[in-house]
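Residue strings, one per chain:
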Amino acid sequence: MVFARNQWYVVAYGEEVGDGLLARTVCGEPLVLYRTGAGEAVALADRCVHRRFPLSESNRDGDRIVCGYHGFTYDPDGTCVAVPGQTRVPRTARVPAYQIVERDSLVWVWIGDGRGDAAAIPRAPWLESPSYTTVRGMEPLAARYELLVDNLLDLSHETYLHAGYIGTPEVAQTPITTETDEEAGVVHVSRRMKDVECPPFYSRSTGIDGRIDRWQDIEYHPPGFYLLHSRIAPTGVEPGPDGDDSDAFHVEVGYAIVPETETTTHDFWWVARDFALDDAEVSAFLHDSNRTVVLQDVVALNKLEKVMASEPAGHQELSINIDTGGLAARRMLQKLTAR
Amino acid sequence: MVFARNQWYVVAYGEEVGDGLLARTVCGEPLVLYRTGAGEAVALADRCVHRRFPLSESNRDGDRIVCGYHGFTYDPDGTCVAVPGQTRVPRTARVPAYQIVERDSLVWVWIGDGRGDAAAIPRAPWLESPSYTTVRGMEPLAARYELLVDNLLDLSHETYLHAGYIGTPEVAQTPITTETDEEAGVVHVSRRMKDVECPPFYSRSTGIDGRIDRWQDIEYHPPGFYLLHSRIAPTGVEPGPDGDDSDAFHVEVGYAIVPETETTTHDFWWVARDFALDDAEVSAFLHDSNRTVVLQDVVALNKLEKVMASEPAGHQELSINIDTGGLAARRMLQKLTAR
Amino acid sequence: MVFARNQWYVVAYGEEVGDGLLARTVCGEPLVLYRTGAGEAVALADRCVHRRFPLSESNRDGDRIVCGYHGFTYDPDGTCVAVPGQTRVPRTARVPAYQIVERDSLVWVWIGDGRGDAAAIPRAPWLESPSYTTVRGMEPLAARYELLVDNLLDLSHETYLHAGYIGTPEVAQTPITTETDEEAGVVHVSRRMKDVECPPFYSRSTGIDGRIDRWQDIEYHPPGFYLLHSRIAPTGVEPGPDGDDSDAFHVEVGYAIVPETETTTHDFWWVARDFALDDAEVSAFLHDSNRTVVLQDVVALNKLEKVMASEPAGHQELSINIDTGGLAARRMLQKLTAR
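If you're matching them up, the sequences are chains X, W and L in order.
Position 191 of the first sequence, counting from 1, maps to 191 under UniProt numbering, and the rest follow consecutively.
Position 164 of the second sequence, counting from 1, maps to 164 under UniProt numbering, and the rest follow consecutively.
Position 76 of the third sequence, counting from 1, maps to 76 under UniProt numbering, and the rest follow consecutively.
Next comes chain X alone, as it looks inside the complex (with noise of 0.2 Å):
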């Protein structure tokens, strides 16, 4: 497997990067992150051109970096401005310094040639919205990126893996629609289910307690960004003819699917919700359901990891309708490899 290169990646929430020295991976290169003084996330290759000690493990001075070695220090933009032992500094002492973004309360990371193009960027506005209230984490994910691909862009799965949570009979047996746009580089699947059953992770959330029409509308920006836009709503409520839905509830879901290397992977989820906006007891609740839906998707993937681990490749698979999306999905992956 080789990474999708030249584009923009995920790296952290935006609160993530502050004072310390935050080491993270994407698509097998290390960065360090921080945020200068003046409140600029900075992200630099996460290696000393002296001996390649970790930047991460060494210490802040103002907006330098000071190595943990022999203190080769470092300006925000790669820049080495100090080394030990004598006041000239080799003209080729820098880091790579990687291209920041910051929108949506996400930092973006540019991997790749060059400089990135910021309006690429796909949005998740309601993450910074005062009409929605957002819970989020990141889990690390023990196992290749597509895997988490696969698994987001089929949601038949709730069905058996979140059976309590999110999952009913119904969402497996609903079919789906898939559509690709390719102009625009993304993956769509709507599953509309008419008077089902309603989850306890929307019934408690919602307080809605009868039969539900229950919408799930996916968008997978590959490489690595998707957003699930859920509408609950009482059975026959409907969308106005002026287009006004607030008597129905939308959940926003997201995930940042980050490769870490060739077989980990940064699995950052999100919800957001324009309902019970303060409701404390409501946050809490969709957080720790929301986690322990992520962390069941987590356990059943490292599995899978193992299993592809322990066997040759170019195993024999067997496709069916509900994967038309993750076929799509995988194509899409594959030209963006390819590059």
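Bear in mind the hints are in silico, worked out from the structure with no lab data behind them.
Please note that a few of the clues may not be correct.
Result set (BS3-like, lysine-lysine): computed pairs, CA atoms no more than 30 Å apart in a straight line [to be verified]: (1) W:306 <-> W:335; (2) X:306 <-> L:306; (3) W:306 <-> L:194; (4) X:303 <-> W:335.
All values reported here derive from a predicted model rather than from experimental measurement.
Since the structure of chain X is provided, determine the placement of chains W and L on it from the hints.
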């Protein structure tokens, strides 16, 4: 190394296979085992055809297994009978079912092509005989199974590794006779000790407190079935002219030596005796003593495996008379794996 | 990487070799060490000729080792003198015996062909001199030994990694002089600091509470012997014209840098002083402080080893003046390993 295929292997004790889903790997092939409502033991390949999720991490629905990831549902013969999101089940959807034979309280599985001949399975009738009482267990061994074959074919190691349990100086001192029955595919190793010390394993279980005659008659049925017919009697007590030997004590020790992977092994062991049949204290003593002896071997062989893993293959060995049985066993194994 | 063979290596402190069987691997060669009744240190290959069982997991019978698996018995010169089940011992039955020299309380082993010249062993006479008191230890390092050579040849890292113990800003600031004696096969690195801060390691042990002159004179004897002649004196105190330097404090720090495997190292260290000879508190302080310093290096180098293991070989480095000694050491090591 390759495994000996087209062979019967012990995969479990009968009582291990029940309502649950038991994962067990034999010769690198992952299996899931369970027992149908009608009492029949079933072994299927432990990988869903869809995305290779382990069926052993799944759930039963009556006699069927429902995959824990996306709900693919299998009959005991491996046929997939239901998939999510659609009513049509692809015709090719099936997992391999393995041929199973239960005999003498052991569950045997055929690893290979086509169907095996159940008549070729070696017997251990005392395991279910009312004239014997048996204690048994299974220990995981982090070593290639050939090391356990070597170990068991040469019991002179009892003197050094199992002193205080079954080893006495006379075991290593007494020469052996070895006979290879190529036609039947069995290696026989015998050691007849006359007027020797009685080790605690036998003195405490039989009550003999003087010198003994001690016979060790080994039958090794490649690749993985091992019987040790052990006869202990006060010195001078001989079988009668009519074959009656009821003044002696008989202990039928057995091992199933089952390769899990190239470097790990299932080490099944049992001790059946024709005396003190209802004496729970003797049972507990023999169980604990033999398990200790097995674990002494496990510790030593795990160390040897690490030695072998840390060295280039084809290291030199020096073999002597005591190794005649082990070398014969290796030759038979080589023939079986070369097929 | 290959090891430098046909070399002397420190394998143990004299007091480590006694009645027990000590397992220690040098340059990938597993050894078992013990001391005969007559007091002679013995090193044999730690593998029985029969089935490669580690002799270090065995037992002694007087000056002999009896293999813990099948009882093959060896004389201190490696000759096998008894085997089980037969009186004839095969003529070829012997394990390699390694040439051992004990000098200055260190046990040296010759790794290579034939016999080594004991006169080539570098000396550390203060280890057994009544004019010095020594504290010492050995720490396992999960890193290739070259990283420790690099580390010790460039003491500017004291300022960053060992601040509060032996590091002060002046160490990194003071230039070094390096001299390579190709004929003797020694690298010399010297740093003379005048009128500098006295770090706690020296102030608490010597009782000096003002500014000091501090000399660091390194001798590196490839592949793995390192001496640091450290002289501390109140600023301005110089050796007399007759060479008398009794108003200064002398600390003879030493390391034996001994490759265990390609990526692990035995890190022997000692600190000998010519003052406060009978002061147990100073001994305890120097032992604990130096062990802390060694462990700071161990932690840093273990991290570096992980960095190197995770990256393709031949990564770029940037060397400056402080690295002159380390680069000279590398060149000498390359010559030794190329032979």
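Do the hints match the structure? See the list:
1. With a CA separation close to 26 Å, the supplied pair residue 306 (chain W) and residue 335 (chain W) stays within the 30 Å bound.
2. Our distance criterion of 30 Å between C-alpha atoms is met by residue 306 (chain X) and residue 306 (chain L), whose separation comes to about 22 Å.
3. At roughly 54 Å between alpha-carbon atoms, residue 306 (chain W) and residue 194 (chain L) are farther apart than 30 Å, so this suggested pair is violated.
4. At most 30 Å may separate the alpha-carbon atoms for a hinted pair to count; residue 303 (chain X) and residue 335 (chain W) exceed this at roughly 36 Å.
Hints 3 and 4 from the earlier list are contradicted by this structure; the remaining hints agree with it.
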